[in-house]
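So the protein sequences, as listed, match chains A and B. Okay, so the first sequence: first residue is 7 according to my numbering, each after it adds one. Okay, so the second sequence: first residue is 498 according to my numbering, each after it adds one.
Heads up, some of the hints might be wrong.
Think about it this way: if two alpha-carbon atoms lie no more than 20 angstroms apart in a straight line, the pair counts; the simulated EDC-like pairs of lysine to aspartate or glutamate are [claimed, not checked]:
no.: 1; chain 1: A; residue 1: K199; chain 2: B; residue 2: D511
no.: 2; chain 1: A; residue 1: K199; chain 2: B; residue 2: D560
no.: 3; chain 1: A; residue 1: K80; chain 2: B; residue 2: D560
no.: 4; chain 1: A; residue 1: K93; chain 2: A; residue 2: E189
no.: 5; chain 1: A; residue 1: K199; chain 2: B; residue 2: E547
no.: 6; chain 1: A; residue 1: K80; chain 2: A; residue 2: D108
no.: 7; chain 1: A; residue 1: K100; chain 2: A; residue 2: E189
The calculated label-pair distances, taken between Cβ atoms and stated as ranges, are [claimed, not checked]:
no.: 8; chain 1: A; residue 1: A23; chain 2: B; residue 2: P520; range: 49 to 55 angstroms
no.: 9; chain 1: B; residue 1: N523; chain 2: A; residue 2: R113; range: 21 to 27 angstroms
no.: 10; chain 1: A; residue 1: G156; chain 2: B; residue 2: G557; range: 22 to 28 angstroms
no.: 11; chain 1: B; residue 1: E528; chain 2: A; residue 2: R113; range: 48 to 54 angstroms
no.: 12; chain 1: B; residue 1: A516; chain 2: A; residue 2: R27; range: 28 to 34 angstroms
By construction, these hints were calculated from the structure, which means they are not laboratory data. Note that the structure is predicted; figures quoted are calculated from it, not measured. No residue lacks a Cβ here, since even glycine has one placed at the ideal position from N, Cα and C.
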Amino acid sequence: MYPGEKAGGKLVAESPAGLRRATDQEVVILARKGEEAACRELVERYQRPVFSLIYRMVRDRELAEDLSQETFVKVLNALSTYRPEFKFSSWVFKIANNVAIDQLRRRELDTLSLEGSPHATTPDMIEATALELGEAAESALDEVANRELGSEIERAIARLRPEYRSCILLRHVEGRPYEEIAEILDLPLGTVKTYIHRARHELRNALGHLRSEWTESS
Amino acid sequence: MTWPIRHLTAEDLDAFHSASLSPDANQHVHECDECRALLQQDLALVQSLEALPVFSPREGFADRVMVRVTAPAVVSVRWRRRRLALAASVVIGLGASIVWSILNRPLLISWIDGAAQELGGAAWLSLATLAQNLSEQPWASELSRFGSSTGRLVLVGVVLILGYAAAMISLRRLMVQPGQPVLHAD
């Protein structure tokens, strides 16, 4: 018997193993009734993809964790407004993306550049605007973030506009189809495709020095 | 068919990734070094993106979330039972009264008749008492003489109607906002 199924006219809460087998819709039904295990199951199902998305958007591990918590608090407190005809994952990612975008707008972390502002034109300007890594005051979390997000491709993603970044992460990292991304970001399908194409174009240009390796390897 | 000179579009790239590139586009890729290189680069990029790791928050994330969540509003079972009981009582009471009325129709009619007689008698007595009081007033005879003339009654009626109409028109004009600015009006 799965959670949400009726036995003797009453909805039945299942064991954690049963909850893990249940669909999102079934778990939401239980969570709406105040079943803590069901709420916890929803968090555990989506904590990694939500955290990954937000972490790559804001590039700060501690901040990403706060924002991820905020996302799930909003999700669980607003479960009564969730409409079951839409995918639960789309709804969660929509809230997560909005939380991340709001934070970026507040903190003006639009396009972080580890190698200087994209608008810098001279070596002096580049040096002046570059983020310095490995400083003595750097926290352990910063060090982790630098290690995790320090690869060429991660840094190239960080240079994308927030809208492009959301689209490319949802499409190629989370594997969401175009239609679902349009639903998540509340954008027309054509706009989503355009953003993704432009994002890939910018990434190809940014990673152009790896072109010879790509051409040879494929 | 002569292949038109055009390079791959964004839609062609999508078709390539979903293994649905058209035969014409496929033919162009074989003939165009630039587009072939573009496809290879795009494929390598997509593969790199898909290989990016999924990060995890720190241990105990779900616990930290649950601490911050306010419990979903669950309607109190006791309150729900009270509302149901009250609704059931009203329905049962109405039903019972209807059944009793049907079964005791003569008795109900006698009660209603009795009550109507009492109320009607009381109302008639009140009206009669009021009329007698008014007729015993000092101005009653004067009013009676005035009202004995039909012409006077019609005149009074017309004056009342005109006065009512004038009052309504004045009131309506007072309630409409002025169309032009009024001096000293704030």
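* Sort out which numbered hints this structure fails and list those numbers smallest first. => 2 and 9
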